[in-house]
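Residue-level listing of the chains:
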Amino acid sequence: LGGCFQSIVPLPANMRTSTSLKVRLPVLIFALQIVMLVLYSLFVTYDDNANAKMQNNETNPMENSMYRDYPYFADVQVMIFVGFGCLLAFYRFYGFSGIVFTFLTAAFSIQWAILIQGFFQFYDNGKIHIGIINLLNAEFACAVVLISYCAVLGKTSPVQLLVMSLLEIPFFAVTEWAVLKYIRINDAGGTILIHLFACYFGLGVTFVLYRPSLNNGHVKEMTSYNSDILCVLGTLFLWVFWPSFNSALTIKGDDQHRAILHTFIGLCSSTMTAFALTAMFNKRGKLTMADIQNVTLAGGVTVGASVDMMISPVAAYALGIMGCTACFFGYKYLTPFMARRLRIQDQCGIHNLHGLTGLISSMAGICAILLATEEIYGPSMYQIFSHRAPPEQALFQFAAIFATIAASAVGGLLTGWVMSLKCMAAPSDEDCFDDELFLDVPSDFDTGKSIIPMNITKDHHHIHYPM
Amino acid sequence: LGGCFQSIVPLPANMRTSTSLKVRLPVLIFALQIVMLVLYSLFVTYDDNANAKMQNNETNPMENSMYRDYPYFADVQVMIFVGFGCLLAFYRFYGFSGIVFTFLTAAFSIQWAILIQGFFQFYDNGKIHIGIINLLNAEFACAVVLISYCAVLGKTSPVQLLVMSLLEIPFFAVTEWAVLKYIRINDAGGTILIHLFACYFGLGVTFVLYRPSLNNGHVKEMTSYNSDILCVLGTLFLWVFWPSFNSALTIKGDDQHRAILHTFIGLCSSTMTAFALTAMFNKRGKLTMADIQNVTLAGGVTVGASVDMMISPVAAYALGIMGCTACFFGYKYLTPFMARRLRIQDQCGIHNLHGLTGLISSMAGICAILLATEEIYGPSMYQIFSHRAPPEQALFQFAAIFATIAASAVGGLLTGWVMSLKCMAAPSDEDCFDDELFLDVPSDFDTGKSIIPMNITKDHHHIHYPM
Amino acid sequence: LGGCFQSIVPLPANMRTSTSLKVRLPVLIFALQIVMLVLYSLFVTYDDNANAKMQNNETNPMENSMYRDYPYFADVQVMIFVGFGCLLAFYRFYGFSGIVFTFLTAAFSIQWAILIQGFFQFYDNGKIHIGIINLLNAEFACAVVLISYCAVLGKTSPVQLLVMSLLEIPFFAVTEWAVLKYIRINDAGGTILIHLFACYFGLGVTFVLYRPSLNNGHVKEMTSYNSDILCVLGTLFLWVFWPSFNSALTIKGDDQHRAILHTFIGLCSSTMTAFALTAMFNKRGKLTMADIQNVTLAGGVTVGASVDMMISPVAAYALGIMGCTACFFGYKYLTPFMARRLRIQDQCGIHNLHGLTGLISSMAGICAILLATEEIYGPSMYQIFSHRAPPEQALFQFAAIFATIAASAVGGLLTGWVMSLKCMAAPSDEDCFDDELFLDVPSDFDTGKSIIPMNITKDHHHIHYPM
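Taken in order, these protein sequences are the chains called Z, H and R. At the far end of the first sequence sits residue 467, using UniProt numbering, and the numbering has no gaps. At the far end of the second sequence sits residue 467, using UniProt numbering, and the numbering has no gaps. At the far end of the third sequence sits residue 467, using UniProt numbering, and the numbering has no gaps.
Just chain Z, with the same shape it has in the complex (with noise of 0.2 Å):
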C-alpha cells in the first residue's frame, strides 16, 4: 500500500499495463461488499410500512407509503441510469465507458447512501429502518455523486469513482444532515444541497486532478454521429423526467402538484432559449448539439429552490430563461477561463448547468421567501414556513449556501488527493476518453489511429466540429 503515496504522474505507453484492473477493482469492490454486508446484517431493518409486523387487521395496504413514493423513485431510477448513462456516453470514443461506468458508480452510490443517510436521518433504536424513501433519498446522493463525476469525465479509472463515491457520499450526508436539521433551508427541488453541493465537490475534485497537458484539448477528445445522438437522447430522458426529480420530496398535495407545474414550465422556456442563443452564437448561424444536449435542461435547475412556492408560473417562465442565459454564456466564456487560469478543467461544464443556475435559483428562492404572505399562502404558509418567519428563513438560506459551498468545496479537494495517489489506475493523459483502455472492445471499434489532430478547437465542453 506505501506504493500508493505517490502522486499521480503521466506514465509512457509501455507502461499501460498499469492500470489493469484485474487486481485492483475485485479487492476494492469485495472489500466493500463485505463492509456493506457486515453493516447492513448489523444496522439496517425494515420501516413501519414494510415490516409485516408493524400491520394489523385496521391496516390499509393500499396506504402503505410506497404508494406515494414508488413512482417517483421509478422516474428517478429512469433518470439515473439510462438518461445520465446515455448523457455521458457523447464521447465517440468512450461511449461504452461513460454508459457502464455511470451504471457502476449508481450501483455503489445508492446502497452505500442508503447506509450513510441511513445513520444520520434514519436511525433509531440501534437501527436503520428503511423503505423506499430512503431509496429516493439514497437516488438523490446518487445525482450528487453522477454530478460531480462529470467534472472528470473520460479521466478517472472506476476505481477512482468509485473511491470517490465513498467519499462523496458521506462528505454529502453530513452536509445535508447539518443543513436539513440545524439551519432547515426551503429547498424543495435540491438547488442547494444536490446541484450546488454536486457543483463544487466536482470542481474540487477536478482542481487536484488537474491535467496540463488536456488544456489544448485531446485528440479524441470528440463526438460522433451516434454518440451525439444517444446523447440527445439521455437528454430527452431527463427533461421528460425532471418534474418527478424536482417534487419526489415536497410536501404532498398543491406543493408538489406546484413543483411539477414549474418544472415543465422552466423547462419549456430554457429549451427554447436554448435553441435561440445556440443559433446566434455559432459562427454559421448553424444549431451546436452540444448546447441542445446540456443548455436546454438549465431550467430543471434554476427553479428548484423555489419549486414548490407560490412564486407564480411566469416567474417559472423567466427563471428558465435566466438560467438558460447564465448557463450558455458559462459554458461560452467561464469554463475555458476556467480551465486556463483557475486550473479548473471541468469537464462537461457542470459549473455551468448546475453552479450557476443554483446560484440563480438560491437567490430566486430567497426572493420568494421574502415575498411569502399570508395572503397568498392562506392557511399553509405556516406548512411551508414552519421553522420561522420569512425574513429570517432568508438569511439561514444565505449561510446554508455558503456552508454547503464551502463543505463541498473542501470534501471534493480532498477526495481529489485521495484519488489521485498512485494505485487508482488514474489513466494517463493520452489513455483518456477511450474506452479501450479499461474495456474489451468490438472488432469494428474506431481506434481513432486516423484522425489528424488539426483544426481541434475546443468549445463547450467537447471539442467544435472541425469543418
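Derived from the structure by calculation, the hints contain no laboratory data. It cannot be assumed that every hint is accurate.
One copy or two, either will do: identical chains are not told apart, so a pair holds if it fits within one copy or between any two.
[As the list claims (entries may be wrong)] Below, in silico cross-link-like pairs of lysine-lysine (DSBU-like), each with a Cα-Cα straight-line distance of 30 Å or less:
| no. | residue 1 | residue 2 |
| --- | --- | --- |
| 1 | Lys-252 | Lys-283 |
| 2 | Lys-22 | Lys-283 |
| 3 | Lys-53 | Lys-127 |
| 4 | Lys-22 | Lys-332 |
Source: prediction; values computed, not measured.
Guided by the hints, dock chains H and R onto chain Z, whose structure is given.
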C-alpha cells in the same frame, strides 16, 4: 420584412447562406418568449388544486387532482419527446434534425397551448387557471402539431416549424373548443380532434409547400441501419404508452379501464396484421422496417373514438386488423397517388396512420353509439351519453367529423401559405433531408457524396432499399 | 402439408428462397387471427372493474382495480418491448431481427396468453373476464416465451417463434394453474413459474434444434460498438423496472413494499459483483460488455422466490452476490460444457441468468419459509402462509420446483420437435445471425463479407472480441 412576402423559389447552392438561423431564429424565439412572459404574467395563475390558498385543514393532500393526472402526463411526455423524437429520426442524414426539431417544436407547442387552450377552456375571472390537467391537454395539442409536422419532415426549417406551431395551436384550440362545447362529441381517444385534425391540417400545409422535383425521390431520402433501429425504438415507446394516451382524458374508473384494455388489444392485433401484410406484399417475402415502424401502430388510432365504450374486446381486436389493413394499403397505393396526382406529398404517410384509421375509428365510434343500450351500460349509460340520446349523438358525431376536417384543411392551407413566405429559411430542394443545413455535424457525418442515385424507387414513406 | 413432416436439413445457398415469408407468415398469422377473433367473440368479456354495468352510484371510480395494477403493467411493458427488444439486438448483423422478432413474438404471446390463462384462471359462467390484471398476467407469460426465445436467438424464423409461442403459452398456463391451484406455492417474483419454467423449456427447444456446426462459432456471431450500446440500454431498462416486475403480483401493502426493496438491493449488489468478476477473470484485466449486459441482472432473479418475505435487507444483498457469482461462472464454464457435451446450445445463456439463479432463489425461498415465525411476521403470518404451515409449505415448494422443471423440459422438447418441421422456414446454418435473411436492410448494412473468420474463440454468449 417586405422581402418576406415573396413565394419560395428553389435557390442555387451558392445562395445557401440565406438559410442561416443566426438572426431569424433568435429574433423569432425571443419575440415569442416576450409575448409569453407578458401573457403568462397577465393571465396565468394556479388552479384550485395547485393553489396553496385553496387548501385548508380539511383538504386531504392525497386527493389532489395531480395524483390522478400526473402518471398519464408523464407517459405522454415520453411518447412526445422520446417516442416521436426517435420515430422522426429515421432518415440516414437527418437524424439530428428529426430528434432536435421535434424537441424544439414540442417545447414551444406545449407552452403556447397552455395559453391558447387556457383562454378557451380554463378562463375564469380574467385568469387562466392551470394545473397538470392543462399540461396534459397541451401535450395533446402538441401531438397534433407533431403529427402535422410529419407530413413535411425533412423539408422545413425550425423557423417554419415554430410558425406552424404558432398558427396550428390556435386553429386547433378553437376547433376543439367549438366541437366540445357546441357539438359535444364522444371522442375519448382523440380520434376526431387529434388524429383527423392533425392529418388534414398537415395535408393542407404540404399541399401548399408542394415540391414537384421531389416526386421522383431525393438522393438522401433513405435510412441507415442505425437510424432504422432508432426509429423502431420510437415506435416501441409509442406502442408501450399508447394505452395511457388513449385513456388519459376519459372519465375515471371503468371507462378508463376499458380504454386501456381496448387500446392494448387493438395494438396487439394490428401488430400481428402488419407483420403478415409486410411479408405478403414484399417482393422477396421479407419484412420491411418502414411497415413495422408505422403500420403496427394503426390499432392505437383505430380504437380511439370508441375506446371507452362497451364495444367488447373482440371489437377492439377487429378494429386493430381493419385499421392496420387500411393503413398498409394507404402507404402502398394512396400516398404515391396523392403525391403524383393531387400534389400532396405526405412525407411520413400521416394520411394512412392518422387519416384512414381516424375515419374508420370515427365510423366505429358512431356504430358503438348507435348500439349502446341501457342493458349493456347499466345506469352509467347516462354518464357516458350525458349530452343527448345515442341516435341523435351519432348525427352530431358526423357533423363534428366534417367540421373538424374542414376547419383543419382550411387552417393547414393558410398556415402552409405563411410558411412559404421567403423569410422562413426553407431549405432548397437539394438541401432537404440533410442535417448539415441547420446543424453542426461531427466529423464522421456521412455527407452522402458516395451515394449513386440509381435504383432508387419510392416506396412507402422512404426509399425502398436498393439491392 | 405433407412436406412439412421432414426434419430440417441445412440447405445450400441457392435454395435460400425456401425461407421466404411471403406465404408462410401471412397464412400462419391470419389463421391465428381468425382463431383469436372467434375465441375472443365467443368467450372474452369484461371483468367487473371494466364493466360499465357493474358500477353504480356507490362505486368510487378511483377504487377501480386499474389504479392498482396499471402502473406495474406499464413498467413491465417497457421491460418487455423496449428492454428485451434492445437486449436481444446485441448481434452486429442481427439487430433488426433481435428487436423486431421480439416485438412480434411479444404482441402475439400476450393476446394468446389472455385467452389461455383466462380459460384456466378467469373463467366463469362460460366467459373469460378480463381487466388489466389479466394483461399483467399475460405479460408474465410473454416474458416466459421471450426468455425461452433467448436460447435459440439468431437461429429461428418468425414462423418458428410464433409456433413456439403458440405451444409454450398453453404448456405454461397449465403448469401455472396446476401449481398455483394444487401445490399453492409462495413465488411472488415468479422465480419458479417464470424463470425456471422459461429456462428449461428453452433448453428443451434448443436441444432438439441442435446445430453441431455452430459449436465452433459462426462468423457473424459478434457484436458491434453500436449493438453493444443498444444492448446495455436494454439491460438498464430491465434493471430499472425490475422492482416493478418482482412486485407486480404480490399482496398489496407491506408485501409489495418489501418486494421492491429486496429487488433493488439485490440488483445493486449483483451489479457490483458482476463488475468485480468481469475484471478479475478477463485476461487483460478489462471489463467485458457481455458480462455487464447480463450478469448484472442476476440479483433480480435470485431474490424472486422470497421477495415479499421478511428475509431482512442483508439477505437480499447476499442473494444478489450469490446469484451473480453462479451466473458468472455458469457463463464461463457451464454454457460451453452444455453446448459441447450435452448438445444444448444456450445462445444467450439463459441457464445462467434464469436457471442457476432460479435454483438458488428457490432454495432461499424455502429457507425463508422454514425460518418464518409469528414473532417476525406478526398477525400477517397467516396471510402470507395462508395455505399451510411453513414446514409443510417448504415440501410443497420442492414438489413445485421439480414439477415445473419436468413439465417445462417435456414441453420444450415437444415444441422443439414441432419447430424443427421443414415448413417452418428455419435458417440454414450459414444464414444464422443475419438480418438479410428475413428483413430488407438499408444500403449501408454491413454484409460482413470483410470479416475474416480467424481468432474467433467462443466466450460467453457471444464471440470474444479478437484483438
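Results of checking the hints against the structure:
no.: 1; hint: Lys-252 / Lys-283; result: neither (47 Å within a copy, 53 Å between copies)
no.: 2; hint: Lys-22 / Lys-283; result: between (47 Å within a copy, 8 Å between copies)
no.: 3; hint: Lys-53 / Lys-127; result: within (16 Å within a copy, 40 Å between copies)
no.: 4; hint: Lys-22 / Lys-332; result: between (40 Å within a copy, 16 Å between copies)
Hint 1 from the earlier list is the only one contradicted by this structure; the remaining hints agree with it.
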